[in-house]
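Here the protein sequences come in this chain order: G and E. Position one of the first sequence corresponds to residue 77 (our numbering), numbered consecutively onward. Position one of the second sequence corresponds to residue 59 (our numbering), numbered consecutively onward.
No lab work stands behind these hints: they were computed from the structure. Being a predicted model, the structure only gives us computed values, none of them experimental. Glycine is no exception: its CB is placed at the ideal position from the N, C-alpha and C atoms. Please note: incorrect hints may appear among the correct ones.
[Stated by the list, open to error] Label-pair ranges, simulated between beta-carbon atoms: (1) E:T266 - G:A122: 19 to 27 Å; (2) G:R223 - E:T81: 42 to 50 Å; (3) G:S167 - E:T266: 27 to 35 Å; (4) E:H285 - G:A276: 58 to 66 Å.
Take a look at the letters that make up each chain.
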Amino acid sequence: MGTFRDALAASAGKAFAGRSPEPREQQRYLEGLHLEDLALACACLAGANEAWDHVMREHRPALYRAAEAMDPTGRARDLADAIWSELFARSLLRYFHGRSSLLTWLRSVLAQRHVDAIRAAKRLDSLPDDEALPIADRASPEPGAERYQQLMQQALASAIETLEPRDRLRLACYHAQQLTLAETGRVLHEHEATVSRRLAQTRRALRPAIEQWLEQQGGLAPAEVDRCVRMLLDDPGALDLRKIVGEDRSKRGVS
Amino acid sequence: MNSQSSTCPDAETLAAWSDQGLTPVEQRQVDAHVAGCARCLAYVAAMAKSDPVTDQQPVRERAWLNWRWFAPLAAAVAATGLWFAVKTTPQVPTGATGATGAKGASDLPAVARSAEAGAAPLEARQQAPKATPQAARPSVAADAKDAAPVPAVPPPAASSAPASPATNESVATRALTAPMAMRQADAIPTRDIVSSDGTTRWRIRGATVERTTDAGATWTAQPTGAHAALAAGASPSADVCWIVGRAGTVILTTDGRTWTTVAFPETVDLLQVTAASGSRATVTTSDARRFTTDDGGITWKSGDVQDF
Chain G
77 MGTFRDALAA
87 SAGKAFAGRS
97 PEPREQQRYL
107 EGLHLEDLAL
117 ACACLAGANE
127 AWDHVMREHR
137 PALYRAAEAM
147 DPTGRARDLA
157 DAIWSELFAR
167 SLLRYFHGRS
177 SLLTWLRSVL
187 AQRHVDAIRA
197 AKRLDSLPDD
207 EALPIADRAS
217 PEPGAERYQQ
227 LMQQALASAI
237 ETLEPRDRLR
247 LACYHAQQLT
257 LAETGRVLHE
267 HEATVSRRLA
277 QTRRALRPAI
287 EQWLEQQGGL
297 APAEVDRCVR
307 MLLDDPGALD
317 LRKIVGEDRS
327 KRGVS
Chain E
59 MNSQSSTCPD
69 AETLAAWSDQ
79 GLTPVEQRQV
89 DAHVAGCARC
99 LAYVAAMAKS
109 DPVTDQQPVR
119 ERAWLNWRWF
129 APLAAAVAAT
139 GLWFAVKTTP
149 QVPTGATGAT
159 GAKGASDLPA
169 VARSAEAGAA
179 PLEARQQAPK
189 ATPQAARPSV
199 AADAKDAAPV
209 PAVPPPAASS
219 APASPATNES
229 VATRALTAPM
239 AMRQADAIPT
249 RDIVSSDGTT
259 RWRIRGATVE
269 RTTDAGATWT
279 AQPTGAHAAL
289 AAGASPSADV
299 CWIVGRAGTV
309 ILTTDGRTWT
319 TVAFPETVDL
329 LQVTAASGSR
339 ATVTTSDARR
349 FTTDDGGITW
359 KSGDVQDF
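All chains should be built: construct the whole structure from the sequences, respecting the hints.
Right, dumping it as structure tokens:
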């Protein structure tokens with residue numbers, strides 16, 4: 077009991093970062109903890125064999141399945157091995173404060189390490205490829221294309237910046253990370269139909285913002301904006317804007 | 059999008075974010091950070107891919123933006139300022155970074171990293187090919203030149219703001235009287251140990267040991283006398299196998315059938331073992347020490363592990 081009380085105090089202390097919360101806030105926080113898993117972690121740290129056996133049975137295989145899912149080549153599995161060793165050595169488990177389930181926490185540690193390992197490897201492997209080429213170095217199909225692409229890029233960046241964080245996150249998960257609708261929905265705790273609908277809303281909201289930026293910040297005349305958009309629709313290169321611009325513009329009768 | 063922010067939430071905060079365990083304010087702050095941080099977006103993707111929830115019918119619309127374009131765009135977005143104001147705590151290098159962890163893992167003896175026979179197949183979690191031809195896209199949204207591991211797990215809070223005893227007591231009592239979920243698992247994790255000549259395999263599952271000599275067609279449980287969970291084993295020949303586990307458990311068979319408990323000088327958890335014969339073996343403890351015996355476990359010599 078004493079160990080568990082200490083764990084609760086440590087968890088609250090970390091969450092409230094030294095300030096003294098109101099009793100109601102504190103109560104709400106404690107009730108929101110994954111107490112069962114925190115108690116399990118405490119028991120493991122206290123050396124309870126039953127607790128370790130439980131973790132061995134239930135969490136270890138789940139962690140390895142997560143590793144396989146993250147990286148079927150086995151690299152994440154090595155990281156899972158290391159995590160497991162650290163759990164056994166009890167050097168890692170004390171960082172678990174019950175704010176998530178133990179399994180989510182284990183997956184989270186694994187995911188961060190996996191990402192960092194990949195990023196570190198990419199840093200070492202810096203051979204240039206087409207993707208690394210600046211836009212100006214790409215072959216342009218017609219005069220002005222480079223400028224339009226650059227302006228479009230800036231306009232898009234500006235428009236994305238104005239989005240609500242959650243809309244930006246949804247867009248990034250789906251388009252940058254290429255998650256499926258269902259995966260994006262799981263990240264955001266939304267149904268995939270909701271994700272789809274809100275993505276569409278976001279794209280619709282971006283289009284006028286892009287056009288406005290092109291006119292006001294990019295200094296393009298309305299005809300040039302149309303030409304810019306049309307050029308990219310004809311040859312979008314790496315940027316497929318048909319979805320965001322083409323359909324709606326055609327509905328408006330803009331050529 | 060930042061390729062990496064110096065104030066990335068730690069693994070616990072992100073886990074809580076995934077489980078919706080943060081306050082609404084914290085949740086929004088993490089939303090804002092993750093949306094603008096390449097490292098955290100890659101983390102999100104890794105978490106999404108490893109989500110235990112089965113997703114049978116993945117759906118993708120035709121991509122509007124693809125990675126080539128989104129990376130520089132997102133960097134521009136980040137440059138204009140996605141301020142992450144979530145409460146942060148000092149972070150320390152904990153080995154939570156990939157490079158360190160990977161090295162430690164790769165240095166483990168191969169026998170101690172043998173296949174997890176108990177790991178369930180991934181079919182249930184793997185998804186059908188996506189509707190777009192971008193399945194082979196990079197999974198990490200990172201600009202390589204900016205990549206660098208950062209601490210992921212914070213140290214324990216040194217705060218002196220504990221919960222009130224009364225509150226703690228009620229919550230603690232509730233937690234401890236609640237079931238500890240020590241229920242039987244559907245699939246107990248197992249670990250296979252293959253003899254060096256490949257003719258014999260042992261399978262450890264908790265504190266039990268099974269043996270097969272017909273490539274897994276039939277398994278025979280063997281009494282070992284071990285009561286603690288077994289962690290790893292090594293079999294230098296068809297008849298010899300060393301297995302180690304928690305609380306200084308070492309068991310040995312030299313005839314492939316009967317097991318003897320080998321006295322170990324400490325009750326520390328043992329993680330790995332390598333063996334050359336029924337007489338010579340080296341075990342690694344959970345606190346990164348290595349013990350070697352040349353006489354079948356009658357005497358042990360210790361030495362620190364340098365590369366663990």
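Checked hints:
1. E:T266 - G:A122: 19 to 27 Å: Because 25 Å falls inside the window, the suggested range holds.
2. G:R223 - E:T81: 42 to 50 Å: This hint holds: roughly 46 Å between Cβ atoms.
3. G:S167 - E:T266: 27 to 35 Å: With a Cβ separation near 28 Å, G:S167 and E:T266 satisfy 27 to 35 Å, so the hint holds.
4. E:H285 - G:A276: 58 to 66 Å: Given about 60 Å between the Cβ atoms, the range holds.
Checked against the numbered hints above, the structure violates none of them.
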